[in-house]
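Work out the full structure, taking the sequences as your base and the hints as a guide.
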Amino acid sequence: MSTREVFTDRLQAGVLLLPTMLVSLLFLYYPTVRAVGLSFYRASLARGDVFVGLENYRRLAGSSEYLRSVLISVLFATCVVVGVMAVALCVSFLIHEVEVGKGLYLVAVIWPYALPPAVAGLVFLFIAHPNIGIFTGYIEALGVDVNWFSNGPQAFVVVLIAAVWKQVGYNVIFMTAALGNVPESLTETAELDGVSRTQRLLRVYVPIISPTLVFLVIMNTIYGFFGTFAMVDLMTKGGPAGATNILIYDLYRTAFQFYEFGFASAKSVVLFVAVGLLMYGQFRLSDRYAYYGG
Amino acid sequence: MLGSLLTVLTAAAERSRAAGRTASERIQRFETEQVTLHVLAATVVFLIVLPVLIAALVSTKRAGIVTSISDLAPGGHALSNYRHALIGLEFWRFMLNSFVMSVTVVVGKLIVSLLAALVIVYYRFPYKNAVFLFILFTLLLPVPVRFVPLYRLTTELGMGNTVFAITVPYLASATTVFILRQHFLSIPASLVETAKVDGVGPLRFLWSVLIPMSRAVLVGVSVIMFVYTWNQYLWPLVIVNAEDLQVAQVGLSLLRGQASTGEVAWSMVMTGSILTLLPPLALLVLFRRQLLETFTIQQK
Chain W
2 MSTREVFTDR
12 LQAGVLLLPT
22 MLVSLLFLYY
32 PTVRAVGLSF
42 YRASLARGDV
52 FVGLENYRRL
62 AGSSEYLRSV
72 LISVLFATCV
82 VVGVMAVALC
92 VSFLIHEVEV
102 GKGLYLVAVI
112 WPYALPPAVA
122 GLVFLFIAHP
132 NIGIFTGYIE
142 ALGVDVNWFS
152 NGPQAFVVVL
162 IAAVWKQVGY
172 NVIFMTAALG
182 NVPESLTETA
192 ELDGVSRTQR
202 LLRVYVPIIS
212 PTLVFLVIMN
222 TIYGFFGTFA
232 MVDLMTKGGP
242 AGATNILIYD
252 LYRTAFQFYE
262 FGFASAKSVV
272 LFVAVGLLMY
282 GQFRLSDRYA
292 YYGG
Chain F
10 MLGSLLTVLT
20 AAAERSRAAG
30 RTASERIQRF
40 ETEQVTLHVL
50 AATVVFLIVL
60 PVLIAALVST
70 KRAGIVTSIS
80 DLAPGGHALS
90 NYRHALIGLE
100 FWRFMLNSFV
110 MSVTVVVGKL
120 IVSLLAALVI
130 VYYRFPYKNA
140 VFLFILFTLL
150 LPVPVRFVPL
160 YRLTTELGMG
170 NTVFAITVPY
180 LASATTVFIL
190 RQHFLSIPAS
200 LVETAKVDGV
210 GPLRFLWSVL
220 IPMSRAVLVG
230 VSVIMFVYTW
240 NQYLWPLVIV
250 NAEDLQVAQV
260 GLSLLRGQAS
270 TGEVAWSMVM
280 TGSILTLLPP
290 LALLVLFRRQ
300 LLETFTIQQK
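Here the protein sequences line up with chains W and F, keeping their order.
Each position in the first sequence, counted from 1, maps to that position plus 1 in the working numbering.
Each position in the second sequence, counted from 1, maps to that position plus 9 in the working numbering.
If you are wondering where the hints come from, they were derived from the structure by calculation, not from laboratory data.
Since this is a predicted model, take the numbers as computed values, not measurements.
Do not rely on the hints blindly, as some may be mistaken.
Stated by the list, open to error - Listed below are the simulated SDA-like cross-link pairs for lysine to any residue, each with C-alpha atoms no more than 20 Å apart in a straight line:
| id | chain 1 | residue 1 | chain 2 | residue 2 |
| --- | --- | --- | --- | --- |
| 1 | W | 238 | W | 227 |
| 2 | W | 103 | W | 202 |
| 3 | F | 137 | F | 184 |
| 4 | W | 238 | W | 212 |
| 5 | F | 205 | F | 134 |
| 6 | W | 238 | W | 162 |
| 7 | W | 103 | F | 184 |
| 8 | W | 238 | W | 161 |
| 9 | W | 103 | F | 49 |
| 10 | F | 137 | W | 56 |
| 11 | W | 103 | F | 302 |
| 12 | F | 205 | F | 218 |
| 13 | W | 103 | F | 51 |
| 14 | F | 137 | W | 4 |
| 15 | F | 137 | F | 194 |
| 16 | W | 238 | W | 132 |
| 17 | F | 137 | W | 15 |
| 18 | F | 137 | W | 23 |
| 19 | F | 137 | W | 6 |
| 20 | W | 103 | F | 40 |
| 21 | W | 238 | F | 218 |
| 22 | F | 137 | F | 148 |
| 23 | F | 137 | W | 155 |
| 24 | F | 137 | W | 20 |
| 25 | W | 103 | F | 42 |
| 26 | W | 238 | W | 155 |
| 27 | W | 103 | F | 134 |
| 28 | F | 205 | F | 133 |
| 29 | W | 238 | W | 66 |
| 30 | W | 103 | F | 44 |
Written out as structure tokens, the structure reads:
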């Protein structure tokens with residue numbers, strides 16, 4: 002019997018694992034645990050911490066402003082996931098179906114993967130600026146009054162487009178790889194049976210690449226909740242009137258504009274639990290619907 | 010029995026005849042379809058590239074107020090804009106800080122994760138699965154969930170406003186350990202057995218066998234980690250308040266503020282954006298093959 006586990010010195014193993022374990026404990030686990038602890042305190046920069054029990058959570062539950070932020074985050078993340086995956090699936094399918102020049106299209110499409118979210122936010126702020134945006138004049142000629150510095154729904158849409166645009170490249174990388182692995186014979190059978198292109202995508206390819214799609218739903222959800230902070234900060238600062246105040250931005254403001262560390266910790270605990278539950282739910286769902294080859 | 014066989018055969022013959030008749034038609038249709046696909050793909054590519062293309066064009070102009078497509082002709086100020094951004098506005102300092110941060114994190118992560126992956130694949134010890142889970146579970150603890158206590162911890166440790174604060178918390182990486190583990194598992198087990206018989210120790214095995222055999226994956230992982238670190242915004246924003254230690258992402262935010270108050274032209278903001286985008290983009294283009302290979306492993 003062949004085995005890789007040929008080294009048995011436990012002390013050696015411990016020493017080699019030490020850096021990873023130490024950094025994980027100190028900078029990942031400990032702060033998370035401490036966030037839970039801190040959420041029971043009234044804590045700020047200047048004064049000492051005062052134990053207040055569940056007060057922070059009670060405050061959260063009673064805050065309509067926070068509830069609004071929760072709804073906006075969920076709506077935003079959902080739109081990001083659906084938007085990114087729909088666009089990326091179409092783009093990947095186009096690249097998959099093209100006979101020549103695949104590589105060129107792929108390089109031209111996946112580069113936003115390297116794009117910093119801050120750059121995405123700034124570029125969109127500039128090209129969609131209500132006063133100096135390059136397309137603003139054209140859009141206003143169509144009868145829409147571009148005013149997203151004061152119009153909430155418009156601000157939401159502009160940030161959403163920037164967020165989707167930045168994330169499409171990442172999804173295309175995985176989707177084209179998955180589409181490339183679909184057996185040729187399946188495509189041929191579908192073509193002989195006279196299945197149309199769109200039907201082939203939806204009925205044949207999507208079920209087969211569903212493990213990849215599930216993986217991407219999870220990555221995009223995390224991105225929707227956390228990865229768009231820079232865009233919100235640079236484009237709208239959570240406004241106007243809280244219309245783009247997603248949870249992570251709200252959390253940042255509580256901690257570093259109002260310096261309410263205890264209250265902020267309660268918010269990060271809620272965020273942690275929410276994202277954990279969401280991911281667990283997606284895993285369970287994916288188990289039921291995903292097609293794992295064979 | 011024979012009758013039904015005959016029906017099937019006739020039907021098949023008819024079908025093949027029909028296929029022959031329409032063969033040229035089908036090729037024709039196929040070609041128009043391909044042209045349509047190319048037009049669609051080119052349009053999509055253009056739309057995706059367009060925003061950065063506009064930013065690049067604006068970064069060559071003096072004022073940078075473009076309110077219509079006709080304003081997009083490239084200006085002649087590319088050189089002076091980039092020089093002014095880098096030297097006049099001291100953007101070189103932000104870029105350098107980002108470089109130091111990213112390279113430190115990449116090198117540190119590689120060392121730390123290589124050691125961990127070596128142990129997880131090639132050592133036998135109790136509670137091994139638990140250790141692996143302990144590392145994987147950190148995927149659920151991204152910076153945004155823990156940055157409030159992390160801020161307190163790093164300032165208490167006296168690490169606020171230092172290069173340690175923006176690098177050390179990133180050193181442990183579940184993703185890197187996971188990718189390396191997957192790759193090590195695809196290397197034949199006989200290799201390590203031979204090494205063991207020859208009396209080669211684990212570190213020697215890592216250095217002269219595993220690392221040379223993992224070159225593509227190591228490059229891919231490095232690119233992924235570099236892009237990830239380079240693009241960090243929230244944590245540097247929170248933990249660093251000395252401007253000369255700040256990174257490019259937050260430097261952009263400073264430029265944005267100056268543009269809103271009219272201190273710098275918008276073309277400067279676009280110049281800074283293009284500068285900030287270039288390093289990760291260059292890595293992606295240079296090492297796209299290794300990167301795609303590594304992504305394939307990550308997905309497994």
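Here is what the structure says about each hint:
1. W:238 <-> W:227: Status holds; Cα separation ~15 Å.
2. W:103 <-> W:202: Holds, because 18 Å separates the two Cα atoms, which is no more than 20 Å.
3. F:137 <-> F:184: holds (18 Å)
4. W:238 <-> W:212: With a Cα-Cα distance of about 36 Å, the restraint between residue 238 of chain W and residue 212 of chain W is violated, given a limit of 20 Å.
5. F:205 <-> F:134: This hinted pair holds, its Cα atoms lying about 17 Å apart.
6. W:238 <-> W:162: holds (16 Å)
7. W:103 <-> F:184: It is violated: about 29 Å lies between the C-alpha atoms, which goes past 20 Å.
8. W:238 <-> W:161: holds (14 Å)
9. W:103 <-> F:49: holds (13 Å)
10. F:137 <-> W:56: Status violated; Cα separation ~41 Å.
11. W:103 <-> F:302: Within the cut-off at roughly 17 Å; holds.
12. F:205 <-> F:218: Holds: residue 205 of chain F and residue 218 of chain F sit about 12 Å apart, inside 20 Å.
13. W:103 <-> F:51: holds (11 Å)
14. F:137 <-> W:4: holds (15 Å)
15. F:137 <-> F:194: With a Cα-Cα distance of about 15 Å, the restraint between residue 137 of chain F and residue 194 of chain F holds, given a limit of 20 Å.
16. W:238 <-> W:132: holds (18 Å)
17. F:137 <-> W:15: holds (11 Å)
18. F:137 <-> W:23: Within the cut-off at roughly 16 Å; holds.
19. F:137 <-> W:6: With a Cα-Cα distance of about 11 Å, the restraint between residue 137 of chain F and residue 6 of chain W holds, given a limit of 20 Å.
20. W:103 <-> F:40: Given that 20 Å is the threshold and the Cα spacing comes to 16 Å, the pair holds.
21. W:238 <-> F:218: violated (51 Å)
22. F:137 <-> F:148: Answer holds: residue 137 of chain F to residue 148 of chain F is near 18 Å, not above 20 Å.
23. F:137 <-> W:155: Violated. Residue 137 of chain F to residue 155 of chain W sits at ~51 Å, over the 20 Å cutoff.
24. F:137 <-> W:20: With Cα atoms ~16 Å apart, residue 137 of chain F and residue 20 of chain W stay inside 20 Å; holds.
25. W:103 <-> F:42: This hinted pair holds, its Cα atoms lying about 16 Å apart.
26. W:238 <-> W:155: Distance of about 14 Å is within 20 Å: holds.
27. W:103 <-> F:134: Given pair residue 103 of chain W, residue 134 of chain F is violated - Cα atoms ~47 Å apart, limit 20 Å.
28. F:205 <-> F:133: holds (14 Å)
29. W:238 <-> W:66: holds (15 Å)
30. W:103 <-> F:44: Measuring from Cα to Cα gives roughly 14 Å; hence the hint holds.
In the structure shown, a violation is registered for the earlier hints numbered 4, 7, 10, 21, 23 and 27, in ascending order.
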